[in-house]
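Engineer: Throw the hints in and build the complete structure from the sequences for me.
Residue numbers (our numbering), protein chains in the order written: chain A, 96 to 235; chain B, 367 to 726.
Simulated from the structure, these hints should not be mistaken for lab results.
Note that the structure is a prediction, hence the values are computed from the model and not measured.
Be careful, since some hints might not be right.
Said to hold, decoys possible - A short, non-exhaustive set of chain A residues, derived as facing chain B with CB atoms under 8 Å:
hint, residue
1, Ala122
2, Thr126
3, Glu130
4, Ile133
5, Ile169
As the list claims (entries may be wrong) - Cut-off 27 Å, straight-line C-alpha distance, at most; resulting in silico cross-link-like pairs (DSSO-like, lysine-lysine):
hint, chain 1, residue 1, chain 2, residue 2
6, A, Lys216, B, Lys672
7, A, Lys147, B, Lys667
8, A, Lys229, A, Lys202
9, B, Lys547, B, Lys564
All C-beta atoms, glycine included, are put in the ideal place defined by N, C-alpha and C.
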Amino acid sequence: MKQKLGNILLVDDDAGVNFINSMLIQAIDITDSIEITINGKEAINYLTGKDKYEGNEAKNTQPELILLDINMPIMDGWEFIEEFQKLQNSKSIVVMLTTSLNPADRKRAGNISAISEFITKPLTPLTLEGIIKKYFPEYQ
Amino acid sequence: MFELETYKAVFDSAPDGLIVTNNLGEIILVNNKIEKLFGYKAKELIGKKIELLIPNRFHHNHTEQRTDYANAPTAREMGAKKNLWALKKDGSEFAVEISLSPIKLKDANLMSAAIRDVSERKKIEQEIAVQYKKLESQNKELEQFTYIASHDLREPLQTLNSFVKLIKDEFAGKLGDQGDKYLEFIFQSSSRMQDLVKGLMDYSLIGKEPEIKLVDCNIIVNEVLSDLNYSIKESDALILVKNLPEINGYPTELRQLFQNLISNALKYRRNDIDLEIVISAEKSGNSCLFSIKDNGIGIDKDDKEKIFTLFKRLHNRDEYSGIGVGLSYCKKIVEIHNGNIWVDSTPGEGSTFYFTIHTN
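Structural biologist: Below, the structure written as structure tokens:
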């Protein structure tokens, strides 16, 4: 049986984007656990088991891959990255920044080591498979 | 007190060019700086009329003015007269500032002039003026662009939205669960985009009304309150309006300003306490400081600037609706009235929005 990722975390305030990305992930069958959060703060809470994720550690599987949007209320993608980098296990998680086309964002993302990939929306099956091949060669 | 040599050294080391003339306008003394500024040796200037150093086109006036001035001499400060020009030996001109002081001696009335080369500063001032004009026209172009773009985007968006609605109405339940879901996402996204594009267009239209009028803020606020009557009753809010001034401004925009700030206070209220809003104003000199104080949910320190950014939202869409334009409108409206807007707030206790409007 093929080995799958323990969890993929989606961070986007647009429900439609999360829906499509979930479908793409299910289509290539790379994980059985997708967690959806709608802003950076919620994502940090998920990663640290705080707030509504408190005491639910069995369910809060740490993700191996995060798909992160930039513009979100409460805590945006850049602010999330700042908090994320303070977490102990941040180095073992692949962060993919997904955004609409904006050259300035791409440049800024290039200077942040915690961001592994910068993907222009919409995410396609081909891009996602490429990412899996690159970062998780043993999982295919 | 001092040796003559000391006086001469001070005279020569002065940062400005110094010329002394007699009552006929003849040069009798110049310092080193004058030689540098004009390119003449001192001995070439002594005994010559001061007009030698003034461009031809000013001669006629200057001779007259000099005579008038000699009859009633008063000191004149540096920079008191704008757009003065001086003539170098090589025929070129440069911008100067000149201060004049009459010197009354026992046997003669002399005139001392200090001359400062301001061509560098003039050049910079001109560059700034050119840049300012350019910026102003680019700003206008940008607003025009925003208006046209948002206006033209609305039509196809409207069509898209109408057809999605038609499909929803006619085919709901016939497309399978997934199909219905897809349609709902399309519908929500196109509706949201309509709101955003309309928000952008309204933003570009602020301040387009050409006429400034005398506006009684009491009347405007009362109208806004009666428009918001339903939400006020629903939230059981107590609203206290102090006596507000009459100001000169754009009536529609000022109304929109109060409307946005008051409806924000209604929207971001706390559930555990009755909402109280106090609207007041204070005149000081040429400006008027308004405040709208509430006891609502408040705003984090980090968000105090962000809230005025176009499309910036602090809350999830399911908690508070909206597209994040209200306070950007307020900022733009206050700015076209040459004022400022800011907020003081304690999270969990309330916010006070302040804005200033210049009254003349």
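Engineer: Confirm or reject each hint.
Structural biologist: Hints versus structure:
The interface hint given for Ala122(A) is violated, since its Cβ lies 13 Å from the closest Cβ of chain B, which is over the 8 Å cut-off. A distance limit of 8 Å between C-beta atoms decides the matter here; for Thr126(A) the minimum to chain B is near 21 Å, and the interface restraint is violated. At a threshold of 8 Å, the smallest CB-CB gap from Glu130(A) to chain B is about 16 Å, leaving the interface hint violated. The interface hint given for Ile133(A) is met, as the beta carbon of that residue sits about 6 Å from the closest beta carbon of chain B, less than 8 Å.
Look at Ile169(A): its Cβ gets to within about 6 Å of chain B, closer than 8 Å, so that hint holds up. About 25 Å separates the Cα atoms of Lys216(A) and Lys672(B), which keeps this hinted pair within 27 Å; it holds. Straight-line distance between C-alpha atoms of Lys147(A) and Lys667(B) comes to about 24 Å, which keeps the hinted pair within the 27 Å bound. For the hint pairing Lys229(A) with Lys202(A), the CA-to-CA distance comes to about 21 Å; that is within 27 Å, so the pair holds.
For the given pair, Lys547(B) sits about 26 Å from Lys564(B) by alpha-carbon distance, which is consistent with the 27 Å threshold.
Hint compliance for this structure: hints 1, 2 and 3 are broken, all remaining hints hold.
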